[in-house]
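Position chain P against the provided structure of chain V, taking the given hints into account.
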Amino acid sequence: DAGVTQSPTHLIKTRGQQVTLRCSPKSGHDTVSWYQQALGQGPQFIFQYYEEEERQRGNFPDRFSGHQFPNYSSELNVNALLLGDSALYLCASSRTGPNQPQHFGDGTRLSIL
Amino acid sequence: GNSVTQMEGPVTLSEEAFLTINCTYTATGYPSLFWYVQYPGEGLQLLLKATKADDKGSNKGFEATYRKETTSFHLEKGSVQVSDSAVYFCARNTGFQKLVFGTGTRLLVSP
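In order, the protein sequence lines correspond to chains V and P.
Using our numbering, read the first sequence as starting at 1 and increasing by one per residue.
Using our numbering, read the second sequence as starting at 1001 and increasing by one per residue.
Check each hint, because a few of them may be wrong.
Pairs of lysine to any residue residues, derived as SDA-like cross-links and limited to a Cα-Cα distance of at most 20 Å, are as follows [to be verified]:
1. P:K1098 <-> V:K13
2. P:K1098 <-> V:S65
3. P:K1098 <-> V:P101
4. P:K1098 <-> V:E51
5. P:K1052 <-> P:Y1030
6. P:K1049 <-> V:E51
7. P:K1098 <-> V:Q41
8. P:K1098 <-> V:N99
9. P:K1049 <-> V:Q100
10. P:K1068 <-> P:T1005
11. V:K26 <-> P:Q1045
12. P:K1098 <-> V:E75
13. P:K1098 <-> P:Y1030
14. V:K13 <-> V:D85
15. P:K1098 <-> V:R55
16. P:K1098 <-> V:T96
17. V:K26 <-> P:L1048
18. P:K1098 <-> V:G28
19. V:K26 <-> P:L1046
Label-pair ranges, simulated between beta-carbon atoms [said to hold, decoys possible]:
20. V:E53 <-> P:K1060: 30 to 38 Å
21. P:G1078 <-> V:R63: 41 to 49 Å
22. P:T1103 <-> V:P101: 14 to 22 Å
Reference excerpt, derived from the structure (chain V facing chain P, CB under 7 Å, subset only) [claimed, not checked]:
23. G105
24. D106
25. G107
What the hints contain is simulated information worked out from the structure, not anything from laboratory work.
Ideal Cβ positions, reconstructed from N, Cα and C, are used throughout, including at glycine.
So here's chain V without its partners, still in its complex pose (with noise of 0.2 Å):
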């Protein structure tokens, strides 16, 4: 059973470029939600996607966006890159419901120059 897989693993990228990430969820899970992680810091909520609907967003600006396919499968597009967008992105998966754990991919380390 293959767990949360996400691509690319690393991504190189200029200021003002656009990026596109990707993740597929855990098999079973229907919610995923996307996660900045900036070096020696905790990760930090972007948003969330449930029936391919934006459910909840975190304190990011409109140029983070995201989609979420019927496969419950997702993407995260940020445009105009800032050199503090250098990140590890995060995403997590789970059942909708409460107390439901999330499960992380292993990112995609986005680095901008």
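Just chain P now, kept in the frame of chain V:
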């Protein structure tokens, strides 16, 4: 507000020593509490959780008890191993399964 505070690291221990990593939270209501572990180059793995006051979560020799009166969820292990070296994150949930994390505590265990 909703926040999580962890003790700063690194925590440096010898193998077989006793481990405590402190975690406190602020919250409205009664959140579920979690400890996640992150090994180098990897994502986060759920270590243990507790969903209500006085619950004790345990896994792989690690334990943490949900203390409502002190708003704490300290992580403990009686005898650490070199393989336990990692970064440990305390977290609480809020809203629809949104997690709020502490800043993480690095544990270094030497032989």
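Checked hints:
no. : hint                           : result
1   : P:K1098 <-> V:K13              : violated (28 Å)
2   : P:K1098 <-> V:S65              : holds (17 Å)
3   : P:K1098 <-> V:P101             : holds (10 Å)
4   : P:K1098 <-> V:E51              : holds (16 Å)
5   : P:K1052 <-> P:Y1030            : holds (7 Å)
6   : P:K1049 <-> V:E51              : violated (26 Å)
7   : P:K1098 <-> V:Q41              : holds (17 Å)
8   : P:K1098 <-> V:N99              : holds (10 Å)
9   : P:K1049 <-> V:Q100             : holds (10 Å)
10  : P:K1068 <-> P:T1005            : holds (15 Å)
11  : V:K26 <-> P:Q1045              : holds (13 Å)
12  : P:K1098 <-> V:E75              : holds (18 Å)
13  : P:K1098 <-> P:Y1030            : holds (14 Å)
14  : V:K13 <-> V:D85                : holds (10 Å)
15  : P:K1098 <-> V:R55              : holds (10 Å)
16  : P:K1098 <-> V:T96              : holds (11 Å)
17  : V:K26 <-> P:L1048              : holds (19 Å)
18  : P:K1098 <-> V:G28              : holds (19 Å)
19  : V:K26 <-> P:L1046              : holds (14 Å)
20  : V:E53 <-> P:K1060: 30 to 38 Å  : holds (37 Å)
21  : P:G1078 <-> V:R63: 41 to 49 Å  : holds (47 Å)
22  : P:T1103 <-> V:P101: 14 to 22 Å : holds (21 Å)
23  : G105                           : holds (5 Å)
24  : D106                           : holds (4 Å)
25  : G107                           : holds (5 Å)
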